[in-house]
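Participant: Quick mapping for you: the protein sequence lines, in order, are chains A and B.
Note that my numbering has the first sequence beginning at 1, numbered continuously upward.
Note that my numbering has the second sequence beginning at 1, numbered continuously upward.
By construction, these hints were calculated from the structure, which means they are not laboratory data.
Since the model is a prediction, treat every value here as computed from it, not as a measurement.
We put the beta carbon where it would ideally sit given N, CA and C, even for glycine.
Don't take every hint at face value.
[Said to hold, decoys possible] Heads up, simulated DSS-like pairs for lysine-lysine below, C-alpha to C-alpha not over 30 Å straight-line: (1) K366(A) to K56(B); (2) K29(B) to K424(A); (3) K336(A) to K312(A); (4) K51(A) to K85(A); (5) K322(B) to K56(B); (6) K408(A) to K458(A); (7) K253(A) to K458(A); (8) K424(A) to K26(B); (9) K366(A) to K408(A); (10) K56(B) to K312(A); (11) K312(A) to K366(A); (12) K326(A) to K84(B); (13) K408(A) to K312(A); (14) K51(A) to K408(A); (15) K29(B) to K322(B); (16) K253(A) to K85(A); (17) K326(A) to K26(B); (18) K137(A) to K253(A); (19) K322(B) to K326(A); (20) K19(A) to K366(A); (21) K20(A) to K326(A).
[As the list claims (entries may be wrong)] If you want the footprint, here are the derived chain A segments under chain B, 3+ residues with CB under 8 Å: (22) 3-16; (23) 267-274; (24) 314-327.
[To be verified] So these bits of chain A aren't anywhere near chain B, every CB distance computed over 12 Å: (25) T344; (26) N443; (27) S477.
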Amino acid sequence: MSFLEYAPAPESRSILHLKKSYGLFIDGEFRDGHGTPFTTISPADESPIAKISNADASDVDSAVSAARRAYDRVWSRMSGRDRGKYLFRIARLVQERTRELAVAESLDNGKPIKESRDVDVPLVAAWFFYYAGWADKLDHAGFGPSPHALGVAAQVIPWNFPLLMLAWKIAPALAAGNTVVLKPAETTPLSALIFAEILQQADLPAGVVNIVTGAGDTGSALVNHPDVDKVAFTGSTAVGRAIAKSTAGTAKKLTLELGGKAANIVFDDAPMDQAIEGIVNGIFFNQGHVCCAGSRLLVQENVHDEVIDRLKQRLTTLRMGDPLDKNTDIGAINSKAQLDRIRTLSDIGEQEGAERWTADCVIPAKGFWFAPTIFTNVETSHRIAREEIFGPVLSVLTFRTPAEAIAKANNTPYGLSAGIWSDKGSRILGVADRLRAGVVWANTFNRFDPASPFGGYKESGYGREGGRHGLGAYLQSGWNASAVVKSATAKKEVAR
Amino acid sequence: MTIDHAIALAPASRAVQLIGTDLTEKSLKLHLEGLSGVDAVGLEARAAGLATRSIKTTSKAWALDTIIRLIDLTTLEGADTPGKVQSLVAKAMYPDPTDPTTPRVAAVCVYGDMVPAAVAALGSAHAAGSATGINVAAVATAFPSGRASLAVKLADTSEAVSAGADEIDMVIDRGAFLSGRYGLVFDQIVAVKDACRRADGSYAHLKVILETGELNTYDNVRRASWLAILAGADFIKTSTGKVSPAATLPVTLLMLQVVNDWYRLTGERIGVKPAGGIRSSKDAIRYLVTVAETVGEDWLNPHLFRFGASSLLNDVLLQRQKIATGHYSGPDYVTMD
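Chain A with its partners taken away, still in its complex shape (with noise of 0.2 Å):
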């Protein structure tokens, strides 16, 4: 027997109390939807999981209403004291529930144990901690004094890290003083149901946080409903365009956080044991799906070989299988639709010229799966260079000096995040300083914290999220006269 091949170590789902269907979380309540339901399914076995609710434009505005009512009657005139109370109760019971959520995320998502175990849960916790501190200092945020809520939100978030997601959209929302209602992607609405549980037992005033599940056309009328004050999405670029040009010129103020194809850039002095672990980190952290995946790999040409050769080394101990098995590293890939466009994109590298390489993983009958793949030979035309796969697949292109790379990480339509492997400190600071992208790693990838900022340049949207800046989405600065106005009088009512 082979030691490396682990005997099974599955996560139990009996900690699970599922329901067989799911309504719409709205006033605090769960109710069926007019649309038709769905089923949501298990992508590593494409077995059921639960009957889910699918919210029509009727459904939208009765949540949207809700979300109202509980701005104007309860939420904006609570004190930001309160606020951070209930906050904080939601990140406890969040830590209580832990491997519950897990659990389910895995499950819907596909996304390896360990990973909805020790990243996404873990850090759904720390965001609601972190802006539970900001809810009573708000006049300290440097937005003025007395920064004032925007209204209703509506949020739609994207499948990749459904809870995480929704953590980073809520958490600031609510900070601030606002009122959610929030969609959750079809392929994934289990842990955000669960979580209107949470909220529900963390007593959290009826209507402030509302959860409506369905597709698109849900999506599309939450956005559009002209009672929203705020937007905010996750998602696709032609998505965030199609919703940037229905808001504009509305009153909505918007965010887009969306996709990206960042360098992950490999320099001949870095620590190289520790680059190839950022690498596989970068790319085939949560199967590739992630906007901001280090999905295309940078490398001084003098170390090319060595890097690709300890890179392929690495990937064959890689267990692919069960999501629930804590021994996986990687899981199952999201839905059909995204395999099949993995797949698409993957066979056009072939036909570019670029050169595959896919690691030896048995892939298992039913789901849907696609194991870790390099391509080699790939020159900055080619389509794989360009579009995000979204994907465990990782395309390498080299460099010769620091100003090769900095301009062949630079040149993409996207700019959400790159990656600098350097042992040398100011090569670091230099080459960071030149990098057009919203975050910038240093000899790490893909990690995330409630303190730091978040977010895109060019076509990978536009605002914030997390960190200070995450909280000036939700408000309307003290420093503009109506709005110090309209919260002075808010506090009036406080104070009566």
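Please arrange chain B on chain A, whose structure you already have, making use of the hints.
Facilitator: Frame of chain A, contents of chain B only:
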């Protein structure tokens, strides 16, 4: 103090092959300082990632037996006596008297003057060059500090070898290493290796202790690992066990990466021995995972990987009993030593 970098070093064959025939302090220094750096945060993150592997059922049973086979059962106390060594040897031969299927440990590790006592106690169970049986390892070269003249270190070594030691665990001169006198450290290892030679021309295996707790940085550990390999080490070993921190998972991972690099470069396999501070089965299993996923399962073999430990064995035995009987026993159900 000035260092004459141009002085030629002992022509150890590995170093000559890699660096060239004009082997000097300077050329060695250039080579060591040209090695890729180590990012501490990244190294520790990788080690922490490997430590999350969940080893269950059949894999765990195999791992526990493997750990026993890889142990250098150690007593290195000022208070050691032939009686204590005899007792240790008995434990090495029959770790769990209630279960004859329990494997034997790889070696017993003692001070040089206790080698005759260990050899006598082992009797026919002494490996003495054969593939089966238990080796006797002796710490040498003014262990643990290494603060003695070269002549004393060599005498320490050759005395242990002629008394029947199969393996020599030497310490490097950390003072010389930290002050940049790589040539001195190198020459001493080469000389000690020479002192490991037996009358019949064969050599006792040489384990070179880096004492990573005193080297302090991962960059130093990487350089010292390369230096020891180039000078002829059969094994590189983390620690004496007398300095804190002793073996850690990140340091062991780093040394395994060096050994892997050496293997890729030359096809030659070098052993790694973490020593000190590994007390639980859970900890030891993390090391097995790290070995298997860094250099491959081939290394999970007493010729290429050892644990320097004393209390680890009993914890593994308790875990073994748990698997056999289904319930936990206690420290009174395993023998003291």
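Participant: Okay, which hints does this one fail, numbers in order?
Facilitator: 4, 9, 12, 14, 15, 17, 26
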